[in-house]
Amino acid sequence: MKCGEVEDMPLWEAKGFWMRDSIHWPRPVHPLFVSYGLNPVEIGSVHAFEEFSIPSLKYEYLVLHGYVFQRIVSIGGDPPPVMERFPFLFHLWRINPLLRSRVLGFEKFLREKGFENHVRAWQDVWEPEAQERLKPIRNFDRAKAGLEELANQLERCYDYLCWAWNPHNKVVMVGMYIRERWLEVCKRLFNLTEFEAYELVQMNDPAVFNTMNRLLTLARRAAADPAIKDSLSLPSEKALEQLANTWFGEELEGFIEAEGDRPADGFEFGPTWREMPEMVVGIIKSLMGADYPTTEDSDFQAYRLGRVNELRSTLAGREREEFGTWLELAEQVQPLSEIHDYLLMTVPLCHTRYAALEAGKRLVQKGILDGSEDTLFLYREELLSALRENSLHPDLKGLVAKRKAEHSRNYSLMPPQTIGKAPMVPPLHVFPPIAAEGMKIFLKQYSLIEVQKEVPLELSAEGELFGTPGSPGVAEGPVRIIHTAEEFHLVQEGEVLVCPLTTPTWTVLFPYVAALITDSGGALSHAAIVSREYRLPSVVGTINGTKLLHNGQRVRVDGAAGVIQVLD
Numbered sequence: 129m130k131c132g133e134v135e136d137m138p139l140w141e142a143k144g145f146w147m148r149d150s151i152h153w154p155r156p157v158h159p160l161f162v163s164y165g166l167n168p169v170e171i172g173s174v175h176a177f178e179e180f181s182i183p184s185l186k187y188e189y190l191v192l193h194g195y196v197f198q199r200i201v202s203i204g205g206d207p208p209p210v211m212e213r214f215p216f217l218f219h220l221w222r223i224n225p226l227l228r229s230r231v232l233g234f235e236k237f238l239r240e241k242g243f244e245n246h247v248r249a250w251q252d253v254w255e256p257e258a259q260e261r262l263k264p265i266r267n268f269d270r271a272k273a274g275l276e277e278l279a280n281q282l283e284r285c286y287d288y289l290c291w292a293w294n295p296h297n298k299v300v301m302v303g304m305y306i307r308e309r310w311l312e313v314c315k316r317l318f319n320l321t322e323f324e325a326y327e328l329v330q331m332n333d334p335a336v337f338n339t340m341n342r343l344l345t346l347a348r349r350a351a352a353d354p355a356i357k358d359s360l361s362l363p364s365e366k367a368l369e370q371l372a373n374t375w376f377g378e379e380l381e382g383f384i385e386a387e388g389d390r391p392a393d394g395f396e397f398g399p400t401w402r403e404m405p406e407m408v409v410g411i412i413k414s415l416m417g418a419d420y421p422t423t424e425d426s427d428f429q430a431y432r433l434g435r436v437n438e439l440r441s442t443l444a445g446r447e448r449e450e451f452g453t454w455l456e457l458a459e460q461v462q463p464l465s466e467i468h469d470y471l472l473m474t475v476p477l478c479h480t481r482y483a484a485l486e487a488g489k490r491l492v493q494k495g496i497l498d499g500s501e502d503t504l505f506l507y508r509e510e511l512l513s514a515l516r517e518n519s520l521h522p523d524l525k526g527l528v529a530k531r532k533a534e535h536s537r538n539y540s541l542m543p544p545q546t547i548g549k550a551p552m553v554p555p556l557h558v559f560p561p562i563a564a565e566g567m568k569i570f571l572k573q574y575s576l577i578e579v580q581k582e583v584p585l586e587l588s589a590e591g592e593l594f595g596t597p598g599s600p601g602v603a604e605g606p607v608r609i610i611h612t613a614e615e616f617h618l619v620q621e622g623e624v625l626v627c628p629l630t631t632p633t634w635t636v637l638f639p640y641v642a643a644l645i646t647d648s649g650g651a652l653s654h655a656a657i658v659s660r661e662y663r664l665p666s667v668v669g670t671i672n673g674t675k676l677l678h679n680g681q682r683v684r685v686d687g688a689a690g691v692i693q694v695l696d
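Count the sequence shown with the numbering used here and you get residues 129 to 696, in order.
Just so you know, the hints here were simulated from the structure itself, not pulled from any lab data. C-beta atoms are modelled at their ideal positions from N, C-alpha and C, and glycine is treated no differently. Please note that a few of the clues may not be correct.
As the list claims (entries may be wrong) - Simulated restraints on C-beta separations:
#  : residue 1 : residue 2 : range
1  : His557    : Gly434    : 39 to 49 Å
2  : Phe318    : Thr345    : 33 to 43 Å
3  : Gln370    : Glu283    : 38 to 48 Å
4  : Glu614    : Glu283    : 28 to 38 Å
5  : His617    : Lys263    : 33 to 43 Å
6  : Arg349    : Arg663    : 49 to 59 Å
7  : Gln493    : His617    : 31 to 41 Å
8  : Gly445    : Glu283    : 49 to 59 Å
9  : Val253    : Pro561    : 29 to 39 Å
10 : Pro215    : Val253    : 39 to 49 Å
Please work from the sequences and hints to get the whole structure.
What follows is the structure, given as structure tokens:
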């Protein structure tokens with residue numbers, strides 16, 4: 129099934145089994161994002177799965193009424209119902225040439241330490257290539273470009289994203305495999321919990337902290353300058369005007385030039401920091417009183433290294449060598465999530481938005497569209513054909529108006545978490561043992577990204593809300609529900625942040641809050657991973673914490689248990 133809209137079916141029906149991807153896209157997405165944010169995933173995953181000999185074909189996406197659903201496509205399709213009655217039929221994988229080739233290739237890849245050998249591939253190969261491929265995209269002058277040049281820029285962004293999802297998937301798979309093997313080693317050698325094992329490799333990630341540290345440094349310098357501080361007491365838009373020719377204005381301009389290609393809210397085509405410098409000013413204002421170190425947490429790192437050495441001292445021979453090997457690998461993969469997301473997805477999607485909006489301005493001037501953002505309601509082929517003056521649709525204004533109305537209506541819908549019946553998981557014993565062990569690792573790791581289990585959809589009689597443990601620790605504070613980045617200024621120090629999901633932009637709030645609660649996500653979601661980086665207690669995947677909790681309500685968050693207790 130091709131990624132896109134499905135017609136002539138009841139509201140939430142589709143062929144096969146689908147899981148809603150609410151961790152990345154909790155709200156309805158625009159047609160242009162389907163073209164640039166989803167279709168390239170399928171293309172890139174085909175190549176990544178083939179090159180690593182993964183026994184699956186690709187990721188596949190389905191958009192129903194603007195909401196995104198996903199699945200991994202099996203080679204040969206989902207098992208027919210008869211195989212539930214006769215599981216021995218799964219042994220027939222050997223007669224499917226492609227599946228046989230992939231399974232045996234996966235076994236060979238694991239024997240040759242394929243994942244371990246790719247731990248440094250991001251730094252050594254994919255990041256340099258990403259930087260080189262991004263140069264013409266970043267250097268493109270939209271204001272001086274003609275219609276054909278804008279179309280070519282949109283083609284460059286699309287081609288880049290199709291390429292980028294190959295290394296993106298590989299980085300994710302390498303991280304999953306190494307992470308799970310590390311957990312297994314720590315469990316077997318020391319009987320450590322998952323949180324204890326993660327703590328041992330919790331290296332401060334420059335990609336997580338550098339942006340925050342720059343903002344904190346700027347905020348503290350501003351707080352110490354009476355004139356700048358006085359200007360920042362004004363509304364952010366007015367403050368920007370007053371500070372334009374000051375050291376603060378110059379520093380802010382440099383920050384936005386370096387860090388501005390970040391969506392203010394999520395992974396969709398929303399406004400960026402570059403387009404909304406007043407939002408960055410608002411973040412700086414909120415950080416002016418924050419008490420958070422701008423340097424690496426040396427106390428924690430001293431504790432971590434001491435704990436590593438303590439555990440290592442209890443081992444000898446082969447076990448000591450095994451611990452050291454997987455420790456080094458786990459330390460290397462731990463920090464990859466943020467920086468590879470930024471270069472492979474965030475930057476090109478932001479530049480796609482910039483080009484699309486500039487194209488919209490030109491099409492408005494020609495009388496083809498009514499507003500510059502109307503391009504977000506066109507699919508890629510429709511936009512390119514309009515720019516090249518051979519439009520696929522005779523009335524783009526009418527088409528956009530219809531899609532805008534549908535997009536608005538979609539916000540009132542309540543999509544299900546799944547569609548269809550989940551297919552039977554093949555019994556792993558039918559595959560070669562090494563390949564089966566690898567498959568088991570990925571089945572577990574993928575289940576930890578998004579909510580899989582049944583979670584109570586209301587508070588318990590004792591006033592408890594349950595989710596998935598994200599980051600250990602216990603904290604209390606008043607609830608602050610935030611849905612979008614435009615509401616960041618409402619957050620007060622010591623509050624418990626409750627939100628649908630987090631993206632890299634949201635981490636600017638983490639030093640400020642007592643704990644984090646999200647509607648979506650699992651133990652390996654962005655919210656869980658980065659809250660562990662900040663050692664911020666978190667519970668993720670509550671499904672509807674933003675609906676059941678209320679602003680000002682005092683709660684206790686137990687991150688290790690995955691429980692929120694309402695205290696009043």
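Against the structure, the hints come out as follows:
The given range of 39 to 49 Å is respected by His557 and Gly434, whose C-beta atoms sit roughly 42 Å from each other. One distance hint, 33 to 43 Å for the beta-carbon pair Phe318 and Thr345, holds here, with the actual separation near 39 Å. For Gln370 and Glu283, the hinted distance range of 38 to 48 Å is satisfied, since their beta carbons lie about 42 Å from each other. In this structure the hint that Glu614 and Glu283 lie 28 to 38 Å apart at CB holds, the actual value being about 32 Å.
The hinted window of 33 to 43 Å between His617 and Lys263 holds, with their beta carbons roughly 36 Å apart. Checked against the given bound of 49 to 59 Å, the beta carbons of Arg349 and Arg663, roughly 26 Å apart, lie outside it. Roughly 36 Å separates the CB atoms of Gln493 and His617, a value that falls within the hinted 31 to 41 Å. A hinted range of 49 to 59 Å for the beta carbons of Gly445 and Glu283 is consistent with their spacing of about 57 Å.
Separated by about 31 Å at the C-beta atoms, Val253 and Pro561 satisfy the suggested range of 29 to 39 Å. Taking the beta carbon of each, Pro215 and Val253 are about 41 Å apart, inside 39 to 49 Å as hinted.
Hint compliance for this structure: hint 6 is the single one not met.
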